[in-house]
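For the record, the sequence lines run as chains A and B. Note that the working numbering numbers the first sequence so that position 104 is 136, with each residue one more than the last. Note that the working numbering numbers the second sequence so that position 9 is 145, with each residue one more than the last.
The following label-pair restraints were derived from C-beta to C-beta distances:
id	chain 1	residue 1	chain 2	residue 2	range
1	A	Arg302	B	Ile149	43 to 49 Å
2	A	Asp299	B	Glu183	46 to 52 Å
3	A	Ala130	B	Glu183	49 to 55 Å
Because the hints were derived from the structure by calculation, they are not lab data. For each residue, glycine too, the CB sits at the ideal point set by N, CA and C.
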Amino acid sequence: MNKPAAHLETAIVEQDTHPMADLLRMDRMPHIWCSGCGLGTGLTCFIMALKETGIPEDKVAVVSGIGCTGRVAGYLNLDSFHTTHGRGIPFATGLALANPDLRVVVYSGDGDLVAIGGNHFIHSARRNMDLMVVCVNNFTYGMTGGQAGPTTPISAKASTAPYGSYDYPFNIPYLAIASGATYVARWTSLHMRRLKNSMREALPKKGFRVIEIICPCPTAFARKNRLGSGLDLMKHYHDNSIIKHGADPREADIDMNGKVVCGTFLDIERPTFRDFQTENIAKQLGGE
Amino acid sequence: MKYWRKPLDADTIKVPHGRIYVVKEQCKGCGFCVEYCPKDVLELSQEFNKKGYHSPVAVREEDCVSCGLCELICPDFAIYAELIEEDETTEETPNKTDKTEKAEV
Ligand SMILES: Cc1ncc(C[n+]2csc(CCOP(=O)(O)OP(=O)(O)O)c2C)c(N)n1
Ligand code: SF4
Ligand code: SF4
Ligand code: SF4
Ligand SMILES: [Mg+2]
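Turn these sequences into a full structure, and let the hints steer you where they fit.
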């Protein structure tokens, strides 16, 4: 065997040599995310997926709302916009309708997308708008210090639920499918390759696509619930996630001790808002 | 992995080798890369970076198969591998180990 000799020192390099530096705003690095936060892993998967699709960089726009996840728009070196809280989807809807050649991605948190932005989420799904939504679910409002939100599991502690949350959380794949989404998948931050493949698959599609990422928030959610570090949460996902493509989303609830069902829940086609707009309305008005 | 019998295509299988690059000042010492590297190439250094984190060092760089997992899992864009050479296999394969499967769940 003629393996290369062991290098005595690991090569320390500057940030701009990183293979993803071209799609990141390196002047804003290091990012604000905590040590062990999974947000950066998901973003890496997104950048790799985008590169693999070959979609030109000027044909993609990324929109975020507010929150730790909402910082994504500001870190990507693409046309991106950081909207107000919960308003990523309406802003992105304008982009997608005005410029049908643009692949428009909404990348935001659970609180942003299904609490304050919940109505936009369900109605955009109902209308099958041409948007890909990446919803990072860390079960809490990370940025504001760990309040209970719409996905906080029953019995989980939060700064606003010191004795444990007692209201039913949303199950995002079920919500998305019931509302009319056409592509719905869920992965954890540990399923990097599968997450990346899902993103690569969903990016060129039409209609309302939702990818949920179950993500460690060691600072707010894990600390309040004594779940340990980001690495401990990754190990927890390893032990407690199961992959079941085509699973019934009603069986994909997440609770504090149960399994996290991952996979592609749905991948179908139905006419999008734009299809109806061009065909039906034009017909009504007597045009083509 | 030792073969109990030499595979017919052993002469043609190539083992990739990687060189590891660390953006030391960008690392936050989360340990994801160290834990999930399928070849146990990495360890956290004893030294601190400017932010007070321990960044990884490739203590067994000769074992790196350039699988790219460390780059994919790093939340801080602080590590990557580069393919340096393809080499003939005699007694090892770069195939999945328990650890890679672990990270891929
Ligand atoms: C209109 C409005 N209400 C409340 C806030 C405060 N706020 C900022 S981020 C946030 C929650 C973010 O939670 P999530 O979307 O889950 O993102 P995470 O930080 O967990 O990634 C809230 C309530 C705000 N910025 N604007
Ligand atoms: S508070 Fe939580 S979600 Fe926000 S950066 Fe820190 S670990 Fe990540
Ligand atoms: S490229 Fe693969 S084998 Fe090499 S250090 Fe990274 S994870 Fe380990
Ligand atoms: S995964 Fe990245 S941030 Fe975490 S220890 Fe490794 S190089 Fe540092
Ligand atoms: Mg959140």
